[in-house]
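A.B. asks: Protein sequence lines, in the order shown, are assigned to chains A and B. Residues in the first sequence are numbered from 1 upward in steps of one, following the numbering used here. Residues in the second sequence are numbered from 1001 upward in steps of one, following the numbering used here.
Please note that a few of the clues may not be correct.
As the list claims (entries may be wrong) - Below, a list of computed lysine-lysine pairs in the BS3-like style, where the Cα atoms sit at most 27 Å apart:
{"hint": "1", "chain 1": "A", "residue 1": "K69", "chain 2": "B", "residue 2": "K1096"}
{"hint": "2", "chain 1": "A", "residue 1": "K213", "chain 2": "A", "residue 2": "K187"}
{"hint": "3", "chain 1": "B", "residue 1": "K1253", "chain 2": "A", "residue 2": "K69"}
{"hint": "4", "chain 1": "B", "residue 1": "K1092", "chain 2": "A", "residue 2": "K69"}
{"hint": "5", "chain 1": "B", "residue 1": "K1096", "chain 2": "B", "residue 2": "K1124"}
{"hint": "6", "chain 1": "B", "residue 1": "K1092", "chain 2": "B", "residue 2": "K1061"}
{"hint": "7", "chain 1": "A", "residue 1": "K39", "chain 2": "B", "residue 2": "K1061"}
{"hint": "8", "chain 1": "B", "residue 1": "K1163", "chain 2": "B", "residue 2": "K1092"}
{"hint": "9", "chain 1": "B", "residue 1": "K1253", "chain 2": "B", "residue 2": "K1122"}
{"hint": "10", "chain 1": "B", "residue 1": "K1096", "chain 2": "B", "residue 2": "K1046"}
{"hint": "11", "chain 1": "A", "residue 1": "K194", "chain 2": "A", "residue 2": "K210"}
{"hint": "12", "chain 1": "B", "residue 1": "K1124", "chain 2": "B", "residue 2": "K1041"}
To be verified - Each pair of labels, with its calculated beta carbon distance range:
{"hint": "13", "chain 1": "B", "residue 1": "E1054", "chain 2": "A", "residue 2": "R47", "range": "35 to 41 Å"}
{"hint": "14", "chain 1": "A", "residue 1": "P36", "chain 2": "B", "residue 2": "S1108", "range": "30 to 36 Å"}
{"hint": "15", "chain 1": "A", "residue 1": "D132", "chain 2": "B", "residue 2": "E1054", "range": "30 to 36 Å"}
In short, the hints are calculated from the structure, not lab data. Note that the structure is a prediction, hence the values are computed from the model and not measured. Glycine included, every Cβ here is placed at the ideal spot set by N, Cα and C.
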Amino acid sequence: MMKFFPMLPLLLGTAAMAGQVHVGEDGHAYNPHWSPDGKYLAFELNRYGDAVDLFVTQVTTGNGGVPTKVVIPGTTSSFSGRGSVVAHPVWHPEGTLIFEGSNAGGTQRLYYWAPGGQSAAELLNTNQIGGDLTWPSLSPDGQTLAFVSDSAGSGDIFLWSQSSNQVTSTFTSPDAEAAPRFASDGKTLAFTRKNRGTEDLFLYESGAVKALKGGNGDQTRPIWVDNLVVYFTNERGEGHWDIAVTDSAGAQRTILAREVRLPMRAQPAISPDGRSVVYTMSDPEQGDRLMVTRLDGSKTVQIPTNLVACGEPDLVEASGKSWAAFTALPSATDDPNAASDYRQLYIVDVTGKLP
Amino acid sequence: MSPSTRILALAILLITSPVYAGEVEDAEHIRLTEEMRRLSKRNAWKGVEAAYLELEVLRDKRDVALEYEDYWLGAQSARAMGDINAVYNRLKLAAKVEGSREVIEWLSDLDANYGQVDIASKKKEDVTLAPAAMPFAPDQRAAIEAAQAQVVEEGEYAGLLPKGAYSFGPESLTVVAGGELVELLLIDERPPKGEREDFELAYIGPRATIGPAFTSAGEPSSVSWESDGFQPHGFAGAGARLGVGLEAGLGEKLGVLAEVGYHGGFGSAVSDDEIDTSAGSPYELEARKLNTGYGWLAGELRLGRLWLNAGPIWSVGSAYTSDVPTADEGAPCSNCVVAARGTIMAAGGAGGVALALTDIGNLSGALSLLGGAQSDGSRLYTWGQLGFTLAPASPKSE
């Protein structure tokens, strides 16, 4: 069953003053990801064709400090890892950052690093699991890590247990699985599978795999909110991305937003209270704002930013306030001196502006 | 080659040789650093660690100064090996070369997440080290696993451990990051009276002794040739003793043993010189002999390799002797030969001293000197033995 909300009440807020995080290096900022306590913000700096670097900035009352570049072994911050790709940050509840990394031409592996601590190191060694490791995702208690390895084929989901330090296989299939995400029970996984050319949503539950949502186009990057699964879908055609929500049985499916801007790697952003999804629009005319829609579809608000081509939002609650991090191009209209060819990282206080 | 050319060549050789030696070491240093760098990009940390250890040899034996990157990669390889103490030491060396932000932050991270412990167990049973919860960070897990392995292998660990709660055998300890050294020594305490339930023998195992012996059957209290109270003269002879049994240690030094075995002594027969054979030899005379079985209970004191034991012994067996009574001994004949067989039952004491020479599995081999004195009520039997004893080995001292 599909439901639409053609008459959504749309509330337009006043423009929020977004603070820029100055990276000090050229490249497009992408994929900001808050630490659970809101003290740190990890993000990627994409140089296209050269390297993707991972940075972490300490955030104090919405102001990002000088970002620290996270480098993987084989380099030091003094000997920058040219050609390396360090991306896809995920925060462990204890404050450790887990991410994908590879040196030029090397294997993609999972690494860990903690702010203000030691250098990054490999999380799982090749004796534990071989191949390219991607799509790290932690259970809510941080005790189990799900990830994808191509060691046995085109990409299967594996689990690593913190208590036993053992890696176990979930299931094998000839298809490529990706984007695993744990439900709140820490056991059920939502993931996607390349199914006859397009991505479909599946669940891994009690040792069995079952289809959740398929159909035209891709259904991808699921994220759980209680027993709901929120995801991106381009079932209306290539380049037309919507955000949908479904229950875990796949019986009730609702399109929450249409023509949204698809983030580089991230799942749909969920508000700290778990009641709304936060996104930006693909239409350049509407690219100057953050959009927030209740998961029940009852209300949508806009948060203007005075910036251009906003995207990649992520929200957190810290010190009693709600903060949104996102990337955008500076608005040359408002401030010609601020014009930049690169997407910059911004932080904005959205307290009281969420529906 | 002219003499002047030879001198010139020799001079050049002498001048360039020391430089060449230094260049070899520098080249080796560069090669190892590049190898570490290359392997680290592939997360091949065993190889990085091996190369770093070679660099340490260059530094210690050939005075090659290591650089910041050497120590930095060495710290990372030690982390992958789970040797957190080596990580700390190498980072400190790196910081001496260059106090970079990444080194200072890593050292600060270790100070903020690790504490020093010195734990050991002198208990007889194995003890284990276990964290209340395994931390997430692989380096911390590896540090704990390395400490656990050392505890299993050596019963002790001294060095850094991630902060948190642990159990060490029956005790608990809390490691505080950057806090005071946590020391814990586990020993076996002697429980109060009434609570000593789990008594364990210090050692237990089979025991055997074999060796030549010399036995003397002494003169009887009174010689008698009466058929119902026959008591011939004493005799002595060489023989052998062979015993097997069980020995157990009540403590590390005190034990008990039980042994049963065979004790034989063989003397000479009456010679023709002693007998009037004018009327011909009456019959073939056998050699004097003693064949007994014995049972021996003893306590044993072990003073290192020296073992002392003593205890009661009881023997039963048979003897054969022949003799020529003199005229004043009331024998039914004179210059005749009296030969007789009879049984012996004699009790007394036996003891000895042994020197443990070697261990054979769980047993020790010892050179032993034993002796005893037993009486059957009429005469005293004394004996001595030089033997080889196998007995349970003493527990290894801590």
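A.B. asks: For each hint, tell me whether it holds in the structure or not.
C.D. replies: Each hint, compared with the structure:
no., hint, result
1, A:K69 <-> B:K1096, "23 Å, holds"
2, A:K213 <-> A:K187, "19 Å, holds"
3, B:K1253 <-> A:K69, "66 Å, violated"
4, B:K1092 <-> A:K69, "23 Å, holds"
5, B:K1096 <-> B:K1124, "44 Å, violated"
6, B:K1092 <-> B:K1061, "21 Å, holds"
7, A:K39 <-> B:K1061, "48 Å, violated"
8, B:K1163 <-> B:K1092, "20 Å, holds"
9, B:K1253 <-> B:K1122, "18 Å, holds"
10, B:K1096 <-> B:K1046, "25 Å, holds"
11, A:K194 <-> A:K210, "14 Å, holds"
12, B:K1124 <-> B:K1041, "46 Å, violated"
13, B:E1054 <-> A:R47: 35 to 41 Å, "37 Å, holds"
14, A:P36 <-> B:S1108: 30 to 36 Å, "22 Å, violated"
15, A:D132 <-> B:E1054: 30 to 36 Å, "32 Å, holds"
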